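Novice: The primary structure of each chain is shown beneath.
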Amino acid sequence: MGMTTSDPISARGVSMISARGVGVDLEGATVLDDVSLDVVPGELLVLVGPNGAGKSTLLGVLSGERRPSRGTVTLDGRELGGIRHAELARLRSVLTQENAVSFPFLVAEVVAMGRSPWARLPEGRDDIAVVEEAMDATDITHLAARRYTQLSGGEKARVSLARVLAQQTPVIFLDEPTASLDLRHQEDVMRVGRRMADEGRAVVVVLHDLSLASAYADRLALVSGGRLEALGSPAEVLTAERVERVYGLPVDLHLVAGRPVVVPRRA
Amino acid sequence: MNRARRAVILSVTLAVLLVGGVIASAVVGQLPISPAEVVGSVLRAAGIQNPWAPDDQIVESTLWVVRFPRIAMGLAVGAALAVAGAVMQAIFGNPLAEPGVVGVSSGGAFGASVAIVLGLTAFGSGTIAVFAFAGGLLATLLVYFVSRANGRTEVVTLLLTGIAVNAFAGAGLAFLLFVADSGGREQIVFWQLGSLNGSRWVEVAIVIGVTAVGTAAAIILGRRYDILSLGERNARHLGVNVEVLRIGSIVLVALLTGVAVAFCGIIAFVGLVVPHVIRMTIGPAHRPLIIASAFGGAALIVLADLLARSVVVGADLPIGLLTSLIGGPFFFFLLFRQRKRSGGWA
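So the protein sequences, as listed, match chains E and V.
Mapping the first sequence onto the numbering used here, position 34 (from 1) lands on 41, and the numbers just tick up by one.
Mapping the second sequence onto the numbering used here, position 140 (from 1) lands on 128, and the numbers just tick up by one.
Calculated from the structure, these hints are not laboratory results.
In this text, all values refer to a predicted model and were calculated from it rather than measured experimentally.
Built from N, CA and C at the ideal position, the CB exists for glycine as well.
One or more hints might be untrue.
[Unchecked claim] Taking CB as the label site, the calculated pair distances span:
| # | chain 1 | residue 1 | chain 2 | residue 2 | range |
| --- | --- | --- | --- | --- | --- |
| 1 | V | Leu148 | E | Asp143 | 42 to 50 Å |
| 2 | E | Arg77 | V | Val232 | 23 to 31 Å |
| 3 | E | Asp216 | V | Leu322 | 39 to 47 Å |
| 4 | V | Leu106 | E | Arg74 | 45 to 53 Å |
| 5 | E | Asp143 | V | Arg275 | 23 to 31 Å |
| 6 | V | Ala137 | E | Thr148 | 29 to 37 Å |
| 7 | E | Arg74 | V | Gly171 | 51 to 59 Å |
| 8 | V | Ala137 | E | Gly28 | 32 to 40 Å |
Hey, can you work out the whole structure from these sequences and the hints?
Specialist: Written as structure tokens, this is what we have:
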């Protein structure tokens, strides 16, 4: 089915997350079918694809939120379903698109909640430093004493990201972290993701912006119609022919610093 | 003013209200007793002989048979209702959830009335309490599962569900009133209005026991409630077993509300007003919120009961009437404030 699988990584056998033949059925319909992929430490993998392609479902399966109907997912060699809630929270963190907080907690308090999986453990001792670092990385230090419920959408998104960073897990999932952010903060967020990967974490991000994905990702996974359409470096995955076919829109591709930038062909 | 300083001020205020309320409640009544006599009597009971202790047997029995159990009951019930309110708001992720508003209290009163009318004694003298608890639990479960969608409860849905549950329990109560004999009828009316009158030490002991255990459990779960306010999915990603927390908390709310309703009837709005005022003062972190709510609820009920039995000379007003009198306008205020701020809760 025209899959680009230059995948030297899984051969190395050090993958943090490993999905094999994963499928998900929802109300009789197959929303994800036969997806296999690996994510290794130090890698930023971006899931891209049209609306309703199954990106979020795939992210849910990889992060252990959704149990696959078929196939297996392992985290650090262990079956995901067999890891207890509390321990899983020390292995992987997830930035969801749900940013609402029910009560007017202060921003610093919300970020500190990211430390809760480490409570009563030796790692919990440097909570304050970790929280400060996470707020610094997401440019929200000046908001620390504000009430979360009074922030703008973009500010909330960054606070949520800081909370996820404060969780300090070897695996990080970000579901559309740049939605509702302005240009600069989009770049900031992706830079943070890039840095997390460079520090040796495995980072999986769902993005809509192909050019942004291409600029920061080590590899792209293009999901279409519930199947893995292509997996590889941005230059391998993003060909004009493939993007046009998957998105149903003619595009021009330009190379900027060796990475493809996707521009829709406008009349 | 920061939250730490407000916390100190709140603690002092609550302590003054609590101690003042207790002493005033012991002093005020048809038989006036001086504060010195009250203190003296308590000291003597603790084994310390002192010159203030009253010699009059009537004073002594008024204190120990009538006023003290009533005060102790007020403290325990107030704490139970306020903590139940705080827990309910935490699991619904909604500041308007309250046992009285959403119908848990009327569910409890309905359960108690069933036991009264049918003359059930399956659980001995505790039968009515057990039925009150069962009714409260059933109502909580019903409200919870009907009004939640996508892990949150919208205010409109919650209030509409509350209306439905209250209407249903109200109809049941009306039917029971209709079929009951005059003795049962009187008891049911008592349940609907709420009163601390005639509290006995045996009952007080039960309520204190349940309240202490329930409040301790709520305090232990406090951190998890904080995380739950990030929404169910986020809480799960942070390692909270949301399903277990949810069910455990529902039982907790039903227990606390049920035991209060079983012995004192419906005392509404305590669980709404108290956690709200405290949240506005020291912020929403649940451990301090729950602890302060317990004290705040205790103080509110003791003072409300003092008012209930002294505002009309020679009459004992139902305390549920008074708390609703305070709570109703407060509810309006909350609605108004929220609408102005964010155009509603949804």
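Novice: Work down the list of hints and note, for each, if the structure agrees.
Specialist: Against the structure, the hints:
no.	hint	in the structure
1	Leu148/V x Asp143/E: 42 to 50 Å	holds (45 Å)
2	Arg77/E x Val232/V: 23 to 31 Å	holds (28 Å)
3	Asp216/E x Leu322/V: 39 to 47 Å	holds (41 Å)
4	Leu106/V x Arg74/E: 45 to 53 Å	holds (47 Å)
5	Asp143/E x Arg275/V: 23 to 31 Å	holds (28 Å)
6	Ala137/V x Thr148/E: 29 to 37 Å	holds (36 Å)
7	Arg74/E x Gly171/V: 51 to 59 Å	holds (57 Å)
8	Ala137/V x Gly28/E: 32 to 40 Å	holds (33 Å)
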